[in-house]
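Colleague: Here is what each chain is made of, one letter per residue.
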Amino acid sequence: MNPFSSGNRLRDMIRAIRACKTAAEERAVVRKECAAIRAAINENDQGYRHRNLAKLMFIHMLGYPTHFGQMECLKLIASAGFPEKRIGYLGLMLLLDERQEVLMLVTNSLKQDLNHSNQYIVGLALCALGNISSAEMARDLAPDVERLLQFRDPNIRKKAALCSIRIIKKVPDLVENFMYPAASLLKEKHHGVLVTGVQLCTGLCKVSSEALEYFRENCTEGLVKTLRDIANSPYSPEYDVAGITDPFLHIRLLMLLRLLGQGDADASDCMTDILAQVASRTESNKNAGNAILYECVQTIMSIEDNGGLRVLAINILGRFLSNRDNNIRYVGLNMLMKAIVVEAKAVQRHRATILECVKDSDASIQKRALELVYLLVNESNVKPFTKELIEYLEVSDQEFKGDITAKICSLVEKFSPEKIWYIDQMLKVLSEAGNFVKDEVWHALIVVISNASDLHGYTVRALYRAFQASTEQESLVRVAVWCIGEYGDMLVNNVGMLDIEEPITVTESDAVDAIEVAIKHHRSDLTTKAMALIALFKLSSRFPACSERIKDIIFQNKQSLLLELQQRSIEFNCILQKYHNIRSALLERMPILDETTLRGRKDGSLPTAVSTSTIIPCDLPNGVAEPAAAPIGDLLDLSLDDVPPPISSCGDILQDLLAIDLSPASALSGTSHPPKAGTDVLLDLLSIGTLVPAETSPSALDISSSGQDNKAPLANSNGLASLPLLIADSPASSAGMMDLLDAFDPITQKLEENGPAYPSIVAYESRSLRMTFNFSKQPGNPRTTFILATFTNLSPNVYNDFLFQAAVPKFLQLHLDPASSSTLPASGDGSITQNLKVNNTQHGKKSLAMRIRIAYKTNNDDILEEGKINNFPRDL
Amino acid sequence: MIRFILLQNRQGKTRLAKYYVPLEDSEKHKVEYEFRTHKVIYRRYAGLFFSLCVDITDNELAYLESIHLFVEILDHFFSNVCELDLVFNFHKVYLILDEFILAGELQETSKKAIIERMGELEKLD
Chain A
1 MNPFSSGNRL
11 RDMIRAIRAC
21 KTAAEERAVV
31 RKECAAIRAA
41 INENDQGYRH
51 RNLAKLMFIH
61 MLGYPTHFGQ
71 MECLKLIASA
81 GFPEKRIGYL
91 GLMLLLDERQ
101 EVLMLVTNSL
111 KQDLNHSNQY
121 IVGLALCALG
131 NISSAEMARD
141 LAPDVERLLQ
151 FRDPNIRKKA
161 ALCSIRIIKK
171 VPDLVENFMY
181 PAASLLKEKH
191 HGVLVTGVQL
201 CTGLCKVSSE
211 ALEYFRENCT
221 EGLVKTLRDI
231 ANSPYSPEYD
241 VAGITDPFLH
251 IRLLMLLRLL
261 GQGDADASDC
271 MTDILAQVAS
281 RTESNKNAGN
291 AILYECVQTI
301 MSIEDNGGLR
311 VLAINILGRF
321 LSNRDNNIRY
331 VGLNMLMKAI
341 VVEAKAVQRH
351 RATILECVKD
361 SDASIQKRAL
371 ELVYLLVNES
381 NVKPFTKELI
391 EYLEVSDQEF
401 KGDITAKICS
411 LVEKFSPEKI
421 WYIDQMLKVL
431 SEAGNFVKDE
441 VWHALIVVIS
451 NASDLHGYTV
461 RALYRAFQAS
471 TEQESLVRVA
481 VWCIGEYGDM
491 LVNNVGMLDI
501 EEPITVTESD
511 AVDAIEVAIK
521 HHRSDLTTKA
531 MALIALFKLS
541 SRFPACSERI
551 KDIIFQNKQS
561 LLLELQQRSI
571 EFNCILQKYH
581 NIRSALLERM
591 PILDETTLRG
601 RKDGSLPTAV
611 STSTIIPCDL
621 PNGVAEPAAA
631 PIGDLLDLSL
641 DDVPPPISSC
651 GDILQDLLAI
661 DLSPASALSG
671 TSHPPKAGTD
681 VLLDLLSIGT
691 LVPAETSPSA
701 LDISSSGQDN
711 KAPLANSNGL
721 ASLPLLIADS
731 PASSAGMMDL
741 LDAFDPITQK
751 LEENGPAYPS
761 IVAYESRSLR
771 MTFNFSKQPG
781 NPRTTFILAT
791 FTNLSPNVYN
801 DFLFQAAVPK
811 FLQLHLDPAS
821 SSTLPASGDG
831 SITQNLKVNN
841 TQHGKKSLAM
851 RIRIAYKTNN
861 DDILEEGKIN
871 NFPRDL
Chain B
1 MIRFILLQNR
11 QGKTRLAKYY
21 VPLEDSEKHK
31 VEYEFRTHKV
41 IYRRYAGLFF
51 SLCVDITDNE
61 LAYLESIHLF
71 VEILDHFFSN
81 VCELDLVFNF
91 HKVYLILDEF
101 ILAGELQETS
111 KKAIIERMGE
121 LEKLD
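Just so you know, the sequences run in chain order A and B. Residue numbers are given in my numbering: position 375 of the first sequence equals residue 375, and the series is strictly consecutive. Residue numbers are given in my numbering: position 10 of the second sequence equals residue 10, and the series is strictly consecutive.
Hints in this document: simulated from the structure, not taken from any laboratory. On a predicted model such as this, the values are computed, not experimentally measured, just so you know. We put the beta carbon where it would ideally sit given N, CA and C, even for glycine. Just so you know, not all the hints are guaranteed correct.
Unchecked claim - Cβ-Cβ distance ranges computed for the label pairs, FRET-style: (1) Glu83/B to Asn285/A: 27 to 33 Å; (2) Arg27/A to Asp75/B: 32 to 38 Å; (3) Arg10/B to Cys20/A: 18 to 24 Å; (4) Ser209/A to Glu83/B: 44 to 50 Å; (5) Thr14/B to Asn42/A: 25 to 31 Å; (6) Asn115/A to Glu83/B: 37 to 43 Å.
Based on the provided sequences and hints, a complete structural model is requested.
Modeller: This is the structure:
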């Protein structure tokens, strides 16, 4: 009975399912049908078994579970009639795969069917075996399949051949059995058998090198001949596709020849003629022809070197690139990327076409072309390439701009022949697509600029012009602002004009204008504004005439909501107002940033030295100062070793900085002092504790942050060397609260050594308080001085919470004992005494110096008095 | 080697699916364009997408040709095939496919040969 004659029921079911409007309806129909099928299975209903299985297959295709039908397949396969077997095998292939154990049950039926007298049934069995057999089944049934390879009917032969492919994939040991029959298949005339034979041989060669050798020796010439016959054969309507006879066979033969010729010179020699013939004579206006050419090119590139052929192959690929069909272009580009490794010169000739592909409308072709361009660039052609790419940058899509910019930047960096060209190209890129440029790129640009000292004038003028043209691109603005800040004087005075430049007049206020624009522009982000502030600050030193105006601009940012800007503007303002004497030193030209250090650090080989950014939270171009800090550290001789130590916190930096001693000769000795105390000091300094009154904190920060900004000038200012900073061990004292910058006046007093008796001094006196010191020394220990401090209240009010603090220079060590009390009665009715011990390591060379601070409460007021004690006896 | 063949319409309904390697059921209902380490080659004919998943090393253009050959065979067999033909006669489509591709490789390159064979098989039913 024909299972499909009662196909009305099958059709009805399909129609019903298609008529369902919702998924729920469909599920209902399917459920009903499945129930009916399950009932029929249980009853062992012979009649409708095939129809049921057909329905089951349809339901399976929709995605519903159908395992209950698996046994039905087996039963159908075991039946005698061809139609039942057919539907049974079909169901088997759809509902089952090789991982199910149920499949094993079929082995016996398969074996019987493989030996059946009806060749159609044999065909069915081979088909099923070829599609889903497992390894065990393959091993069991291999002998039968092998025998069938020589069956009289070509249909069976070709099915057997393909089935064998699966068998050897599953069971590689059986390769030897199939080698000889496969070789004989290659001599077939029937195209179907031939193509399957070729595929079998290909499969064998991939699995076993022994087979590969065998085929290489015996079959190469035969294959070449076959290919020649096919290529030259006359028109045959049966196999013709677009004017070519059996392109599939062509391609399979080429593939097998590729495997055979790879790595073997003789085999490759055999093939060269036919390959040349196919490559040159195949028409390429249709896909079939292109498919053959593609395979041919792949074969040519894989077999042993033959220069002329390879050039031919690459020319074909070049033609592919001009093809209208996207697929062909894509394939061509892919192949060229592989080919460039072997035949770079030949690929170079197609540069223009490849550049065209970069401008293609299809995104994946664009990407591939860009990668290929990147591979093609070398020193000699980098200039025209870059020019083209930058031109394209202007018209490309937004999504693609990021890719192109990244590639251009790396190309320029790798291959630039001279600095001025590098700077030019980078400027163009920044003007066009600065927003896509990564931070490292413009950092590197700044490094290069600072290194090219003869080009400073040119660069800053070019940047100024670009800046005037557009302020859209953030990175360009940043670089421009930095350069104007650094080299503003060159800009205004037209220093270092090159021949190619046009003259440009920029006044000082123009330059300041430019930077003001950068600050005020609403789209500038934090980094840009912060850089602009520093640039303005630098200009305030270079252009004294604009100083007032610059001060105003900086002042405006004092109330900025962004902490970074606020902090900077306050600091700069402070320096501008109070500390003119160090300003010029602070703002000298930056030293040349060391390119190699920067590159080395980029490669991760150097430790990140001197991180300046721990105080300043943003990642700012202070980061650019990082490479500067390394050589500067050397300048200041801060590091005792050869390598600047990886200093991770600012505290250490400051400690190093401030460890610069009074005498210039002993710059190094500072570090030998107990660093721990120093760090604690600084932690106190930097953690603005409760004791710090408002006005001293900015100045404390001043020294710390302005110290970070321009470390080089610090070396130049001698005043800094006198920063006293050693703190007593007693927890009652904290020394950081001094206005350190005031310490620029070097402490000049030198006390001479004299006899053991020392006069007491009035160390400090104000209208409300007097403090006297009494000195004594232990005999035999001249370095140590004991001081008895006496405090007297000169006012009519009682002082409560009395606290005395003292700080001494580093060469002194101070120890405070607890005070006698913390309440000082009024009007001198009593006094507080406190013992101090001072150890002078420079006894004989330097005299004592001390700064003091006294805090107390009176009449509900908090009072703070500070002072400096200069009148120590000389020889203490 | 062909890993699987899929026919889908524009709504994503699968009209035909044939797998030459075992795949999880869940994976069968997913289509990705860079499916694991293989590539998918497809062509659209009217409302149907014929997709082939092949190895990376295979010749894409050749498989495009085979897709076209398959469509031509279907066209010849069903006389101006349309999607509905494929839906209602899915079992026949599978049979044709089995004559054209076996074990993931091409079985026969001649349209005429395949059509003849299908004729013989029909007669047996």
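Colleague: All the hints need checking, so say for each whether the structure fits it.
Modeller: We went through each hint and held it up to the structure:
1. Here the CB-CB span from Glu83/B to Asn285/A is close to 31 Å, well matched to the stated 27 to 33 Å.
2. Taken as a hint, the range 32 to 38 Å holds for the pair Arg27/A and Asp75/B, whose Cβ atoms sit roughly 34 Å apart.
3. Evaluation of the 18 to 24 Å hint for Arg10/B and Cys20/A yields a pass: the beta carbon distance comes to about 19 Å.
4. For Ser209/A and Glu83/B, the Cβ-Cβ distance of about 47 Å falls inside the hinted range of 44 to 50 Å, so the restraint holds.
5. For the pair Thr14/B and Asn42/A, the beta carbons lie near 30 Å from each other, so the given range of 25 to 31 Å is met.
6. About 41 Å separates the C-beta atoms of Asn115/A and Glu83/B, a value consistent with the hinted range of 37 to 43 Å.
No hint from the list above goes unmet by this structure.
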